[in-house]
Amino acid sequence: MVKCDKVLQELSNYIDEDLDPALRREINEHLRSCHRCTVLVDSTRKMLYVVGDERVFEIPIGFGERLHSFLSERLGN
Amino acid sequence: METEVTRDESTLIERIRGGETALFYELIRPYERSVYLSAYSILHNHADAEEVAQEALLKALTHLDQLRENDKFKAWLLLIAINEARMRRRKERPHLYESLEEQTMETENGEFMPRQFADWREIPSDLIERKEIRTAVLKALDSLPEKYRDVFILRDMQHLTVAETAAILGLTVQAVKTQVHRARLQMREQLRKAVDGQIAVLEGK
Numbered sequence: 001m002v003k004c005d006k007v008l009q010e011l012s013n014y015i016d017e018d019l020d021p022a023l024r025r026e027i028n029e030h031l032r033s034c035h036r037c038t039v040l041v042d043s044t045r046k047m048l049y050v051v052g053d054e055r056v057f058e059i060p061i062g063f064g065e066r067l068h069s070f071l072s073e074r075l076g077n
Numbered sequence: 001m002e003t004e005v006t007r008d009e010s011t012l013i014e015r016i017r018g019g020e021t022a023l024f025y026e027l028i029r030p031y032e033r034s035v036y037l038s039a040y041s042i043l044h045n046h047a048d049a050e051e052v053a054q055e056a057l058l059k060a061l062t063h064l065d066q067l068r069e070n071d072k073f074k075a076w077l078l079l080i081a082i083n084e085a086r087m088r089r090r091k092e093r094p095h096l097y098e099s100l101e102e103q104t105m106e107t108e109n110g111e112f113m114p115r116q117f118a119d120w121r122e123i124p125s126d127l128i129e130r131k132e133i134r135t136a137v138l139k140a141l142d143s144l145p146e147k148y149r150d151v152f153i154l155r156d157m158q159h160l161t162v163a164e165t166a167a168i169l170g171l172t173v174q175a176v177k178t179q180v181h182r183a184r185l186q187m188r189e190q191l192r193k194a195v196d197g198q199i200a201v202l203e204g205k
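Residue numbers (my numbering), protein chains in the order written: chain A, 1 to 77; chain B, 1 to 205.
Please keep in mind that the hints were generated in silico from the structure rather than gathered at the bench. From the three backbone atoms N, C-alpha and C, an ideal C-beta is built for every residue, glycine too. Honestly, I wouldn't trust all of these hints.
In silico DSBU-like pairs for lysine-lysine, Cα to Cα no more than 30 Å straight-line [claimed, not checked]:
{"hint": "1", "chain 1": "A", "residue 1": "6", "chain 2": "A", "residue 2": "46"}
{"hint": "2", "chain 1": "B", "residue 1": "131", "chain 2": "B", "residue 2": "147"}
{"hint": "3", "chain 1": "B", "residue 1": "177", "chain 2": "A", "residue 2": "6"}
{"hint": "4", "chain 1": "B", "residue 1": "177", "chain 2": "B", "residue 2": "147"}
{"hint": "5", "chain 1": "A", "residue 1": "6", "chain 2": "B", "residue 2": "91"}
{"hint": "6", "chain 1": "A", "residue 1": "46", "chain 2": "B", "residue 2": "91"}
{"hint": "7", "chain 1": "B", "residue 1": "91", "chain 2": "B", "residue 2": "131"}
{"hint": "8", "chain 1": "B", "residue 1": "193", "chain 2": "A", "residue 2": "46"}
{"hint": "9", "chain 1": "B", "residue 1": "72", "chain 2": "B", "residue 2": "131"}
{"hint": "10", "chain 1": "A", "residue 1": "3", "chain 2": "B", "residue 2": "177"}
{"hint": "11", "chain 1": "B", "residue 1": "131", "chain 2": "A", "residue 2": "46"}
{"hint": "12", "chain 1": "B", "residue 1": "177", "chain 2": "B", "residue 2": "72"}
{"hint": "13", "chain 1": "B", "residue 1": "193", "chain 2": "A", "residue 2": "6"}
{"hint": "14", "chain 1": "A", "residue 1": "3", "chain 2": "B", "residue 2": "91"}
{"hint": "15", "chain 1": "B", "residue 1": "131", "chain 2": "A", "residue 2": "6"}
For each label pair, taking beta carbons as the anchor points, the in silico distance ranges come out as [what the hints assert, rightly or not]:
{"hint": "16", "chain 1": "B", "residue 1": "201", "chain 2": "A", "residue 2": "54", "range": "21 to 29 Å"}
{"hint": "17", "chain 1": "B", "residue 1": "18", "chain 2": "A", "residue 2": "28", "range": "50 to 58 Å"}
{"hint": "18", "chain 1": "A", "residue 1": "19", "chain 2": "B", "residue 2": "65", "range": "36 to 44 Å"}
{"hint": "19", "chain 1": "B", "residue 1": "146", "chain 2": "A", "residue 2": "61", "range": "27 to 35 Å"}
{"hint": "20", "chain 1": "A", "residue 1": "61", "chain 2": "B", "residue 2": "18", "range": "52 to 60 Å"}
{"hint": "21", "chain 1": "B", "residue 1": "139", "chain 2": "A", "residue 2": "69", "range": "29 to 37 Å"}
{"hint": "22", "chain 1": "B", "residue 1": "131", "chain 2": "A", "residue 2": "19", "range": "49 to 57 Å"}
{"hint": "23", "chain 1": "B", "residue 1": "65", "chain 2": "A", "residue 2": "35", "range": "54 to 62 Å"}
{"hint": "24", "chain 1": "B", "residue 1": "126", "chain 2": "A", "residue 2": "62", "range": "52 to 60 Å"}
{"hint": "25", "chain 1": "B", "residue 1": "135", "chain 2": "A", "residue 2": "23", "range": "31 to 39 Å"}
{"hint": "26", "chain 1": "B", "residue 1": "200", "chain 2": "A", "residue 2": "33", "range": "40 to 48 Å"}
{"hint": "27", "chain 1": "A", "residue 1": "28", "chain 2": "B", "residue 2": "47", "range": "22 to 30 Å"}
One chain only, chain A, in its complex shape:
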């Protein structure tokens, strides 16, 4: 059975579902009985949810219009 350090090492591959099925099963097994690692996986997923949402940063009002005027001016069309 895998230990906590293995879960930490494979955390990203686990989240990305990039593990061979046997190791994935072992990690799942470990997570059922290890609160510490469950929290690690869970909080990393939530961090990715927060940073991966494009609402996390604002786009200034009028950005698209100004971009198009800038390019038209430079391209002459």
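Assemble the complex: chain A is given as a structure, and chain B must be docked to it using the hints.
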């Protein structure tokens, strides 16, 4: 596998190369936000990010003949934006840049160790739009060494695949996986308090 989107995009790219430059607006429309956000992730300033986004898109158009694989347009475009933003940041804030690059959270053998394992509850949907979270995300990104930051922005903020990220940064797939793993652990650690704190505020505690 080639999708309809990449096929259409490839046709657009060919036509623009053939002289129909006005089609460029159509080509970039789906990516304008991503270009802006990538620049903003590095510069933390709306005016600078907007200028860099404009320059990056202009550069993409004028260098479109250098794009070798048409289906990598998004990744190529984001790399131009990141490079432009990075150059501007170095030029304008060299001292800040140096001090930030030195901050890493690795142990002697290069492994990152998470300090605490605080529990994060469900994330309320309006959490993401809170100013405190935005500030914390920028600060956390700043704490990453530059090579981790580029990989993290492309992979986890702009959702490129590992292979796309590797190709565009000239890294191996394994190097991308390693760097993204370390970046995630650091980002999680850096954002932990801000996320917990804002959830408590939203829940009225």
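To see whether the hints hold, each was checked on the structure:
1. 6/A to 46/A: holds, 21 Å
2. 131/B to 147/B: Holds: residue 131/B and residue 147/B sit about 26 Å apart, inside 30 Å.
3. 177/B to 6/A: holds, 16 Å
4. 177/B to 147/B: holds, 12 Å
5. 6/A to 91/B: violated, 42 Å
6. 46/A to 91/B: Distance ~34 Å between residue 46/A and residue 91/B Cα, so the pair is violated.
7. 91/B to 131/B: holds, 27 Å
8. 193/B to 46/A: holds, 13 Å
9. 72/B to 131/B: Between residue 72/B and residue 131/B the Cα gap is close to 33 Å, so the pair fails against 30 Å, i.e. violated.
10. 3/A to 177/B: holds, 21 Å
11. 131/B to 46/A: holds, 18 Å
12. 177/B to 72/B: holds, 19 Å
13. 193/B to 6/A: holds, 25 Å
14. 3/A to 91/B: Cα-Cα ~46 Å, so violated.
15. 131/B to 6/A: The hint is violated at about 36 Å.
16. 201/B to 54/A: 21 to 29 Å: Holds - the Cβ-Cβ distance for residue 201/B and residue 54/A, about 23 Å, lies within 21 to 29 Å.
17. 18/B to 28/A: 50 to 58 Å: holds, 53 Å
18. 19/A to 65/B: 36 to 44 Å: holds, 41 Å
19. 146/B to 61/A: 27 to 35 Å: holds, 31 Å
20. 61/A to 18/B: 52 to 60 Å: Taking Cβ atoms as reference, residue 61/A and residue 18/B lie about 35 Å apart, which means the hint is violated.
21. 139/B to 69/A: 29 to 37 Å: holds, 33 Å
22. 131/B to 19/A: 49 to 57 Å: Violated: the Cβ-Cβ distance is about 37 Å, outside 49 to 57 Å.
23. 65/B to 35/A: 54 to 62 Å: holds, 56 Å
24. 126/B to 62/A: 52 to 60 Å: violated, 24 Å
25. 135/B to 23/A: 31 to 39 Å: Since residue 135/B and residue 23/A have Cβ atoms about 38 Å apart, the given range 31 to 39 Å holds.
26. 200/B to 33/A: 40 to 48 Å: violated, 29 Å
27. 28/A to 47/B: 22 to 30 Å: Since residue 28/A and residue 47/B have Cβ atoms about 48 Å apart, the given range 22 to 30 Å is violated.
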